[in-house]
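Here is what each chain is made of, one letter per residue.
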Amino acid sequence: MQNFIVAENIVKRFAEHTALDGVSICVPRGKVFGLLGPNGAGKTTLIRIINHITMPDEGTVTFDGHDLRAEDMLSIGYLPEERGLYKKMKVGEQSIYLARLKGLSEQEARRRLKIWFEKLDIMDWWNRKLEELSKGMQQKVQFIITVLHEPPLLIFDEPFSGFDPVNAEILKKEILELRDKGHTILFSTHSMASVEEICDNIALINHSKVVLQGPVNQIRTRYKKNTYRVTIPAGTSFENSACEVIGEETKGKEKIMIVRKPEGETNSQLLSHLAEHVEILSFEECLPSMNDIFIRVVTDNELR
Amino acid sequence: MSKIWIIIQREFSVRVKKKSFIILTILMPFLVGALVFVPALLATMKSGEKNTVALIDVTNHYAPILKGTSNIHFVRESAMKKSFQQEGSPFDAVVFIRGDLTRNADAATIYSRGEVPHAVEEYVNDKLTEKIRNDRLSVYKFTNIKQVVADAETKFSVKTARWDKNGNTTISSSDIAGVVGIVFSLFIYMFILSYGGMVMQGVVEEKTNRIVEIMVSSVKPWQLMIGKIAGVAFVGLFQFLIWILMLTSIVAIAGTLFGVATTGAMPPVVAMSAEIPQGTGLEWLHIIQGMNFTEIIVLFVLYFIGGYLLFASIFAAIGASINEQQDAQQFMMPIILIFVFALYAGMFSIQNPDGPLALWCSFIPFTSPVVMMVRVPFDLPLWQIMLSLVLLYGTSGLIIWLSSKIYRIGILMYGKKPTFRDMMKWLKYK
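Here the protein sequences line up with chains R and S, keeping their order. Position one of the first sequence corresponds to residue 47 (this note's numbering), numbered consecutively onward. Position one of the second sequence corresponds to residue 1047 (this note's numbering), numbered consecutively onward.
Worth flagging that the hints you see were computed from the coordinates, not collected in a lab. We put the beta carbon where it would ideally sit given N, CA and C, even for glycine. There's no promise every hint is true.
[Claimed, not checked] Listed next, with one range per pair, are the computed distances between beta-carbon atoms:
1) K270(R) x M1470(S): 51 to 57 Å
2) G86(R) x I1382(S): 34 to 40 Å
3) V57(R) x V1347(S): 57 to 63 Å
4) G1440(S) x Q153(R): 40 to 46 Å
5) N337(R) x I1382(S): 53 to 59 Å
6) R174(R) x L1291(S): 33 to 39 Å
[As the list claims (entries may be wrong)] In silico SDA-like cross-links for lysine to any residue, where the CA-CA straight-line distance does not exceed 25 Å:
7) K136(R) x L1239(S)
8) K1463(S) x E128(R)
9) K1049(S) x K271(R)
10) K1462(S) x A61(R)
11) K255(R) x Y132(R)
12) K136(R) x S1059(S)
13) K1049(S) x K307(R)
14) K133(R) x L1293(S)
15) K175(R) x K1462(S)
16) K1266(S) x A61(R)
17) K133(R) x Y1460(S)
18) K133(R) x G1248(S)
19) K1266(S) x K307(R)
20) K136(R) x K1451(S)
21) K1266(S) x G130(R)
22) K1049(S) x G138(R)
23) K1266(S) x A116(R)
24) K271(R) x K307(R)
25) K134(R) x L1283(S)
26) K271(R) x E220(R)
27) K136(R) x K1065(S)
28) K1063(S) x V52(R)
29) K1064(S) x L179(R)
30) K133(R) x F1280(S)
31) K1064(S) x Y132(R)
32) K136(R) x T1071(S)
33) K1049(S) x R157(R)
34) K1463(S) x F1280(S)
35) K1474(S) x R59(R)
36) K133(R) x K1474(S)
37) K1471(S) x R157(R)
38) K1451(S) x E177(R)
39) K175(R) x V1062(S)
40) K1451(S) x H98(R)
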């Protein structure tokens, strides 16, 4: 079983609209899976279905090789997009309560919480009411609660929203650490930078349908436009005959040229053409950023 | 099941540990006591207001009996003066008697610049009534007529007694039964509304806090709903238990202080109706002791639980559907109306505990807890209690089931305020 979650042909209709229309995704085991899409695309609905919170009208979800059951909730850690905890309850007490609902015993919950609280440096706040904590600290508490019962599947809905860059970095590190320990991670996000950094696979949902799915590096290759970044010494230049120059920029002693490789030419051929004219300091292919792909796919989709 | 139990524990302990709960629970019996005794105390205190009243008696016949009291001072005046009407007048009122009152009842009037002082009106009425009656009696030339009339004049109050199942006689009083009934029905009204409201508040808090999103990834929505409803119910029962304990100890202390035997206060006291001295003011204590409080309290708890489950689950569904506390108003309105109607039906049931209104409202689950509490002190047939309880619990079960379907969808719906029709649609969702 290579895939931890397989959702097939999920359809979910609400009174006024169809939130998911024949959505299928495969989340590989032990990988980070990014669920992307503009607001209102149906990401949260899909996450709720995988969480066994909402039932799909059609389609099936296979969880770790079997049909999704209510008991599987205990094998999932879910960090919802809209964060919230009991404001008037003490942090420690509240964390123990939520951990017990996930099936941990009180002693075990306390033991693990201590470790995590020390690790994320919020032990001093154990006996404070939640409302006394800063937003960043509340987020940390919530993150701990999500991962505390060490579920095989972790679902983060917009995990980085509301985190400052320092804490976002800590969170990113924790997520990758969890992946390395063998957890499967599914997260939805708008932050394309984080997708490139930590996702192994993605699915892009738009208008209730999956419009793009696959391993991140494959997708980026698929959407490349045959453009290359060539760095040459400042003050030199090469003739346009070899290839089309899309842009150039001088930075100190270097000049960066963005060129498009002619159709049917190999990299070596292009390189030797260029090398005839100038000294080449570096040569690399420009892979489109996930952000570009996201915008392109969504707008293409919009036009159709 | 164990998850529901964990939720119940939290809902219970969070509320019981609140300062407001502790203070209210301890103070409430004293507040109720104050509510009962302070007005009674105030009523017995004489009003300190003194009235000076001008008395114009053209006939000269009535003036001698209007002597005044410590608070009403009459001053004879010969004729009506313009100055009486003016602001600076020393008189609060003017009693003007123009002719023979036995022939013309309209011949006396009290004038006042403002409202006629009630005490003055009452005093004048009492005195003149007595005088007119005496005048009329003396027309008949009976000897000793006044004594005859005074002898004949009695106010009779029949003593009521009840046989219990063992054939013992218990003094009863429909007045006192009515008062006890009203007290318990007000209590159940208050309990159901305030604890039902507490459930709604809790649900709205969880929804607006968005904690519900975490909760539903650990437990099923219905478990969360049942856990909350049950947890809050235990808070209510816990509070009720404390109050009962406080009350019984207060009654016991009061009993020893007033020398009334309170041993076995709960089981019906075998009455010795004749032996109980009249007018000691302690008679009501014996009557109250004669009531079957064990039965009343058991039924109170049963009706509280049934009525609470019914309304709390409706409140939970409402709380789940709305986005903030203020939106609750439109949905609360019908529920409040039902409760007010139930209270009225209860009040009317005192007059006629076995009438058709009382009977029907005892079986309709939405009104039965309030109405039945009024009727229970009057000793109802067992079949009525059983039928009403079965209907109440059956309906509660059904409403809980329906509410949990609305709740499940509602707590995850944000945005626009749902209409009643939307909520009906949610019932059909998978």
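Could you check the structure against the hints above and give me the numbers of any it violates, in ascending order? Numbers 3, 7, 9, 11, 13, 14, 15, 19, 20, 26, 28, 34, 36, 37 and 38 - these are the hints that the structure violates, sorted from lowest upward.
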